Amino acid sequence: MTPDLVILCAAGMLVSVYLMVGQKALFTTIRLYAGQSLLLAAMAAMMAVADARPHLFVMAGMTAVLKGFAIPLFLMRVIDRIGIHREIEPFLNVPASLLACLGLTVVGYRVSTGFPEGDVGVTHHILGMGLSTMLIGLFLMVTRRKAITQILALLTVENAIFLVALGITSGMPLVVELGIFFDVILAVLVLGVLVRRIVARFESMDVSRLSKLKG
Amino acid sequence: MEQALVIAAALLQGLGMLAVAPLLRGLIKKMKAALQTRQGPPLLQVYYDLAKLLRKEPVRSETASWVYVAGPRLYFAAGLAATTLVPVLVAAAPLETAGGVIGLVGILALGRFALATAALDTGSPFGGMGGSREMTIAALAEPALMLGLFTAALASGSLNLGAVVRHSLELGNSFHPSDVFALAGLFVVLIAETGRIPVDNPATHLELTMIHEAMVLEYAGPDLALVEWASAVKELLYITLLIDLFIPVGIASAIAPGPLAVAAGAWAAKVFVFAVVITLVESTNAKLRLFRVPELVAVALGLGFLALAIRFL
Chain A
1 MTPDLVILCA AGMLVSVYLM VGQKALFTTI RLYAGQSLLL AAMAAMMAVA
51 DARPHLFVMA GMTAVLKGFA IPLFLMRVID RIGIHREIEP FLNVPASLLA
101 CLGLTVVGYR VSTGFPEGDV GVTHHILGMG LSTMLIGLFL MVTRRKAITQ
151 ILALLTVENA IFLVALGITS GMPLVVELGI FFDVILAVLV LGVLVRRIVA
201 RFESMDVSRL SKLKG
Chain B
1001 MEQALVIAAA LLQGLGMLAV APLLRGLIKK MKAALQTRQG PPLLQVYYDL
1051 AKLLRKEPVR SETASWVYVA GPRLYFAAGL AATTLVPVLV AAAPLETAGG
1101 VIGLVGILAL GRFALATAAL DTGSPFGGMG GSREMTIAAL AEPALMLGLF
1151 TAALASGSLN LGAVVRHSLE LGNSFHPSDV FALAGLFVVL IAETGRIPVD
1201 NPATHLELTM IHEAMVLEYA GPDLALVEWA SAVKELLYIT LLIDLFIPVG
1251 IASAIAPGPL AVAAGAWAAK VFVFAVVITL VESTNAKLRL FRVPELVAVA
1301 LGLGFLALAI RFL
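In order, the protein sequence lines correspond to chains A and B.
Residues 1 to 215 (my numbering) make up the first sequence, in order.
Residues 1001 to 1313 (my numbering) make up the second sequence, in order.
Calculated from the structure, these hints are not laboratory results.
Treat the hints with caution; some may be incorrect.
[Said to hold, decoys possible] Footprint (simulated), chain B over chain A, 3 or more residues, beta carbon under 8 Å:
#1 51 to 61
#2 69 to 80
#3 106 to 114
#4 122 to 133
[What the hints assert, rightly or not] Just a few of them, taken from the derived set where beta-carbon distance is under 8 Å, the chain B residues facing chain A:
#5 Val-1262
#6 Gly-1265
#7 Leu-1308
#8 Ile-1310
For clarity, every value in this text was computed on a predicted model and none was experimentally measured.
Using N, Cα and C, we set each Cβ at its ideal position, and we do this for glycine too.
Please put together the full structure from these sequences, using the hints given.
Here's what the structure looks like:
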């Protein structure tokens, strides 16, 4: 039962990334990220119960509280303050992005084969979905213009790496995880401040304007 | 004897779906009203409306030909015929020897085609516009529907819906990650095909962006009643299809009073859950701009393709 539920959560994460690619409202994107993090937390909690590893409970709790609530709320406040609610035009339009993401998923799934338990194992599916999520996150980061979307893409990549770590090594040591968590929080805080500076300077979140600093 | 039984089952299932479908519409309307802290129309209002419309005299444009008259009738007949190809309470569709997934999609497409041509018939701009929009969205939603259905069919190795349900009941709670993607894709198709809010607004006749309502704007009386009724049946049919493919738990494998009662209860509960989800989606989303709708349906198409790809990888 547990492997099924774990795969269900991982698949839910990949679906949420696809929905992120498919629409442009910033608030919805943030909510999707929050939902994705909660799925990850649920997955960690289930693995903690199944494998009797209590330190995963700590990770699950921190993921739920920080990535599920604190970071999304912080980002929503940033958006509220600067009053920009939409990704106006990504570098690549939605259908083309979706096609590219389909290709990335096929690549991610194809390379994650060759495990002893074959195509039916949990490892195959989780690694496949983790890699696909990470590739799509990277893709989002290069094709979107808004600084906030890029932060969300970065956070998605981080979630995907956590997913892969859970699926293959059944969790890194607690110290390493804590270190990653503080890195993420710090990154979000710094980037949040940076976004507001960018908006104050250029009256826009469009990062492509950063290449024209002179004049 | 055998044939008589099949025909009786098909009739019973078709009429049952006809009887229940308006209740689903009423339920969604009521729950939507509750979320807006309105009292809303009574639960049975859809039945009253249908009864009123059926009693009225049909008013048709002078320029209308037989195509205009045949449209709603074909649409209704197609909806009714489609219900006999889908397992509802028993793990077998009444007329499953007549056709499977492809037959179902074809019959639904036939109904849509009849209504769209009928909308063009009077030559009014609204009808033509609505018909063209409906077909634009259908052209994208239909492949997404096919991909989702094929994903489910791959597991059982049969395009027959009864066989698909029997196979997944035999395996117990088997689960493949591709189901998640197929379900997400088919849910978007459900929203698009039944004209729910991010795609179309079922509650108004007064928007320039309306799709289905624009197509049937000129119908009145019994003609309109047939269209409304068939649309309600179609909505219930899509929900039943999703239940069959992804959460078949509780469907009776033999015709006996006990399992049938359990199956009826389970089916009603699952339809109710879908109604709640649809209500929440309708209440929390704004209607999309018409030109953004293809993007949404493209997401469904992508998810369907992904589901199929993951089955193979």
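Outcome of the hint check:
1. 51 to 61: violated (count 0)
2. 69 to 80: violated (count 0)
3. 106 to 114: With 4 residues in contact (Cβ-Cβ under 8 Å with chain B), the coverage given for the segment 106 to 114 of chain A holds.
4. 122 to 133: holds (count 3)
5. Val-1262: B/Val-1262 check fails; min Cβ-Cβ to chain A is 22 Å, beyond 8 Å.
6. Gly-1265: violated (24 Å)
7. Leu-1308: With Cβ-Cβ at 11 Å, over 8 Å, it is violated.
8. Ile-1310: Check passed: Cβ of B/Ile-1310 comes within 6 Å of chain A, closer than 8 Å.
The structure is inconsistent with the numbered hints 1, 2, 5, 6, 7, although it conforms to all the rest.
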